[in-house]
Amino acid sequence: MKHIAKQITQIMLLASGLLCLGMAAVNAQVKGVKKNKPAARVTASTPLSNFTKEAFEAGIEFHLPEAFKEVSAANNENFSFDYGMELPGKDFEVWMQVHSLKQNWASYEQVKNVTGKTLANPDSAYLEAARAHAAALSDDTRFFTRNLPPSILSEYNADSGKTYLLNLADLPDTKHYKYALIIAVQKDHTGYMLAVCLTNVKGPDFFKNINKARDCMRFK
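Under mature numbering (1 follows the signal peptide of the UniProt record, and there is no 0), the letters of the sequence shown match residues -28 to -1, 1 to 192, in that order.
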């Protein structure tokens, strides 16, 4: 049990790096351009452009981290993810979902003012989303959870966060990956983001790959 607890602690500490978010431009400059020719620009794909806009609306800044490549993420009646990326040849993917809380708070205040009733606090929506994904992805209801400490949240400019480590059900939707680490982080009255890290080998390389994406997102 001590060994398991130690392993989980390492997982959470390493995984927390995924959400240390930073701002960067989507467009990349091409090296080696001659003086008399304009620099070529790499145009963001439609999925990346759409996701960047959705993230911005949720108060999140995102850029595709170095060495990562865009990949399709499950987006159907079973799972709803906004964007996916992978490290080619590393057996590692990250699927992301972002959500603005503006409409949630508008509805909350409207119901409260008109009827006097109180709905669930919109700032708890990220927990509901994370639990729903964990339950749907897991091969059972047993998974390890940890709250992200204030020292880590401050790096993301976030107010609360939680991680879920689970064994995946063998599903075509998840490309038959075996393990996942779900990272859920939210900023009060602003929005939340979920990052699902997928792998087939739950070892040191998994954690190293998570850290390679640590600068890709941050709340404004």
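It is possible that some hints are incorrect.
[To be verified] Label-pair ranges, simulated between beta-carbon atoms:
#1 Pro19 x Gly88: 36 to 46 Å
#2 Asp177 x Lys89: 21 to 31 Å
#3 Lys174 x Thr18: 28 to 38 Å
#4 Lys84 x Lys174: 43 to 53 Å
#5 Lys174 x Ala108: 18 to 28 Å
#6 Gly88 x Asn48: 38 to 48 Å
The set of hints was computed from the structure by calculation and includes no laboratory data. The beta carbon of each residue, even a glycine, is placed where N, CA and C say it ideally should be.
Hint check results:
1. Pro19 x Gly88: 36 to 46 Å: holds (43 Å)
2. Asp177 x Lys89: 21 to 31 Å: Violated: the Cβ-Cβ distance is about 50 Å, outside 21 to 31 Å.
3. Lys174 x Thr18: 28 to 38 Å: holds (33 Å)
4. Lys84 x Lys174: 43 to 53 Å: holds (44 Å)
5. Lys174 x Ala108: 18 to 28 Å: holds (20 Å)
6. Gly88 x Asn48: 38 to 48 Å: holds (39 Å)
Checked against the numbered hints given earlier, the structure breaks only hint 2 and satisfies all the rest.
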